[in-house]
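A.B. asks: Here is what each chain is made of, one letter per residue.
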Amino acid sequence: MSRLARPAVAAGAGLLAAGLVLVLVLQGAAVEAAAGGVLRALALAQRDAQRELSALVAAIRRDGLFGWPALALLALSFGYGVLHSLGPGHGKLVIASYLLAEGGRPREAVLLAAVSALAQGAAAVLAVGVLAAIVGLARPALESGAIVLQRLSYLMVAGIGLWMLVGAVRGRDTCRHDHGHHHQPDHPESGIATPHGHTPRPGARLRLARQAGVVLAVGIRPCTGAILVLLFTLAQGLLAVGIAATAMMAAGTAITVAVLALLAVASRRLAEEAGSRAGVGRAVPVIGAGLVAAVGLVLFVGTLGTAGPPL
Amino acid sequence: MTAVLIWGTSASGHPHVWIEAEAEVRFEGGTITAIGLAWTFDEWFAASLLEGFDLDGDGALGPGEIDTLRQETTASLADYGFFTHLLIGGERSDAVAVADFRIEIDGPRVVYRFDVPIDPPVDPRATAFAFALYDDSYYVDVAVPGPVTLAGDVPGGCAEERSEDTGTPLYYGSVFPMLIGISCP
Chain A
1446 MSRLARPAVA AGAGLLAAGL VLVLVLQGAA VEAAAGGVLR ALALAQRDAQ RELSALVAAI
1506 RRDGLFGWPA LALLALSFGY GVLHSLGPGH GKLVIASYLL AEGGRPREAV LLAAVSALAQ
1566 GAAAVLAVGV LAAIVGLARP ALESGAIVLQ RLSYLMVAGI GLWMLVGAVR GRDTCRHDHG
1626 HHHQPDHPES GIATPHGHTP RPGARLRLAR QAGVVLAVGI RPCTGAILVL LFTLAQGLLA
1686 VGIAATAMMA AGTAITVAVL ALLAVASRRL AEEAGSRAGV GRAVPVIGAG LVAAVGLVLF
1746 VGTLGTAGPP L
Chain B
201 MTAVLIWGTS ASGHPHVWIE AEAEVRFEGG TITAIGLAWT FDEWFAASLL EGFDLDGDGA
261 LGPGEIDTLR QETTASLADY GFFTHLLIGG ERSDAVAVAD FRIEIDGPRV VYRFDVPIDP
321 PVDPRATAFA FALYDDSYYV DVAVPGPVTL AGDVPGGCAE ERSEDTGTPL YYGSVFPMLI
381 GISCP
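Going down the list, the protein sequences come from chains A and B. So for the first sequence, the numbering used here puts the first residue at 1446; every next one is plus one. So for the second sequence, the numbering used here puts the first residue at 201; every next one is plus one.
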């Protein structure tokens, strides 16, 4: 840390500020200033889509599974997924901050977004299935269960951030020493020798483990829109239709989140370039990892002392 | 119960429940003594209630199940002021207790009816009286699409007057609740 010169601190602060701005944008605070009406319009569009989906489910119930209502339902579910994921949300915050910290190829980012969206859809199917099986469970138990899942998700995010932070700091420590000669793996957590003096890149397996952690952290909080459509179709005796709709919604969500993920890796690349121009490229992963840990902790603290649902 | 599942998966963000409310302001001797409210839920949330509280799994809510729903609902709504926020003589307060909470189920339709007592009663000719129906976490969107009914001994000329409650931004400031005032010139 003592080697961290003043420009490094300045560049670090700059990246942190950029990261915080991204977080604020994601949380919608910037949306408030820019276009307060957009969120409201999105909410109303979702409401309309919901009404339309209800009507289509009724039509399927009347006319059967094979026909235009089923096709329209699938198309509309896809649109609903896009709309539903455009607003602020924790899953997107987690994925964006992780990618901002880790960087990666665009293909990787898109894949992470898609798998996370599908995991949330699958989790919704699982949650409704479990709920149907344990009908009659006391509400306090469910309430604490939901909160525990939420907290677990955020703690996992904080854990991934800390893990990355340790890796990034250690990576820099090794770079502090003379490393002009050894080609042994000098980053024990990566198992891969990194080019000297460059930002240490974690090994592919390690990245995969972290990405799996992100998917799990996002996925254990199932998609609410999917749960609503599943419960609605379950009540109509058309759960299979609900599951198909959920898959389409997840696909729609994946598209929105993928765009965001691409933005995150592009921002990361810009920060890296700016950082290495300023000679402080090594500070970028440390600050990015700190951001992920902070996002997890802030979200976790936010769950403390929350009241139960109003209805 | 399923409501918990829906809520637990989304600590913030888009409204997940939509209520269309009807309101009746009741007068006695020229003063406002209560607001009668009827909430109609959107089909999805109604389905989740019907699904979640059908404890015996017979496909319908019997009197006992409705009673369980009523008890759980009133207990949790109490923490949210029953989404009924009052502005009387410039003072803000939330409904703390409601009377006569009833749940009506008609096929897929679920309606909650209850009264918010105004105690002490307010004479709107002397004291500014207004109320707004909203959930400050914006988990639930509450709309009052139709006109408010004024019932009982309404002083001549009293009418509802709506304005945006700009002091109460919801959902990152994209929504402001509708403040419904009773003005008697």
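No lab work stands behind these hints: they were computed from the structure. Just so it is clear, the structure is predicted and the values come from calculations on it, not from any experiment. C-beta: ideal position from N, C-alpha, C; glycine also. Be aware that a few hints might be false.
What the hints assert, rightly or not - Counterexamples of contact, computed for chain A against chain B with all Cβ distances above 10 Å:
#1 Leu1484
#2 Arg1496
#3 Ala1520
#4 Leu1576
#5 Leu1607
#6 Leu1653
#7 Ala1654
#8 Gly1658
#9 Ala1711
#10 Glu1717
#11 Glu1718
#12 Gly1724
#13 Gly1726
#14 Pro1754
#15 Pro1755
#16 Leu1756
Stated by the list, open to error - Far from chain A, by Cβ distances over 12 Å, these chain B residues were calculated:
#17 Ala223
#18 Arg313
#19 Leu379
What the hints assert, rightly or not - Label pairs and their calculated CB-CB ranges:
#20 Ala1500/A - Arg302/B: 49 to 57 Å
#21 Ala1520/A - Pro321/B: 53 to 61 Å
#22 Pro321/B - Arg1496/A: 55 to 63 Å
#23 Leu1516/A - Asp319/B: 53 to 61 Å
A.B. asks: Indicate, hint by hint, whether the structure satisfies it.
C.D. replies: Hint check:
Listed as outside the interface, Leu1484/A is inconsistent with that label: its C-beta sits roughly 4 Å from the nearest C-beta of chain B, within the 10 Å cut-off. Listed as outside the interface, Arg1496/A is inconsistent with that label: its C-beta sits roughly 8 Å from the nearest C-beta of chain B, within the 10 Å cut-off. Annotated as non-interface, Ala1520/A keeps its C-beta farther than 10 Å from every C-beta of chain B; the closest such distance is 19 Å. Under the 10 Å C-beta cut-off, the non-interface status given to Leu1576/A relative to chain B is violated; the minimum distance is some 6 Å.
Every beta carbon of chain B lies more than 10 Å from that of Leu1607/A, the smallest distance being close to 22 Å; the non-interface claim holds. The claim that Leu1653/A lies off the interface holds: its Cβ sits roughly 26 Å from the closest Cβ of chain B, which is beyond the 10 Å cut-off. Taking the minimum C-beta to C-beta distance to chain B, about 25 Å, the non-interface status of Ala1654/A holds against the 10 Å cut. With a minimum CB-CB distance of about 19 Å to chain B, Gly1658/A clears the 10 Å threshold, and the non-interface call stands.
The claim that Ala1711/A is not at the interface with chain B holds, since no C-beta of that chain comes within 10 Å of its own (minimum 25 Å). Distance check for Glu1717/A against chain B: the nearest CB is about 31 Å away, which clears 10 Å, and the non-interface claim stands. No beta-carbon of chain B comes within 10 Å of the beta-carbon of Glu1718/A; the shortest separation is about 32 Å. Once the 10 Å rule is applied to beta carbons, Gly1724/A is consistent with being away from chain B; the minimum gap is 39 Å.
Even its closest Cβ contact with chain B, about 35 Å, leaves Gly1726/A beyond 10 Å, as expected for a residue assigned away from the interface. Distance to chain B contradicts Pro1754/A as a non-interface residue, since its nearest Cβ pair spans about 3 Å, not more than 10 Å. Chain B draws Pro1755/A into its interface by the beta-carbon criterion, the shortest separation being 4 Å against a cut-off of 10 Å. With a cut of 10 Å on Cβ distances, Leu1756/A falls inside the contact zone with chain B, its closest approach being about 5 Å.
Listed as outside the interface, Ala223/B is consistent with that label: its C-beta sits roughly 18 Å from the nearest C-beta of chain A, beyond the 12 Å cut-off. Here Arg313/B stays apart from chain A, with its beta-carbon at least about 15 Å from theirs, past the 12 Å limit. With a minimum CB-CB distance of about 17 Å to chain A, Leu379/B clears the 12 Å threshold, and the non-interface call stands. Taken as a hint, the range 49 to 57 Å is violated for the pair Ala1500/A and Arg302/B, whose Cβ atoms sit roughly 28 Å apart.
The beta-carbon spacing between Ala1520/A and Pro321/B, approximately 54 Å, falls within the hinted interval of 53 to 61 Å. Between Pro321/B and Arg1496/A the beta carbons are some 39 Å apart, a value that contradicts the proposed interval 55 to 63 Å. Against the hinted window of 53 to 61 Å, the Cβ-Cβ separation of Leu1516/A and Asp319/B comes to about 56 Å, which satisfies the hint.
The structure does not agree with the numbered hints 1, 2, 4, 14, 15, 16, 20 and 22 stated previously, though it agrees with the rest.
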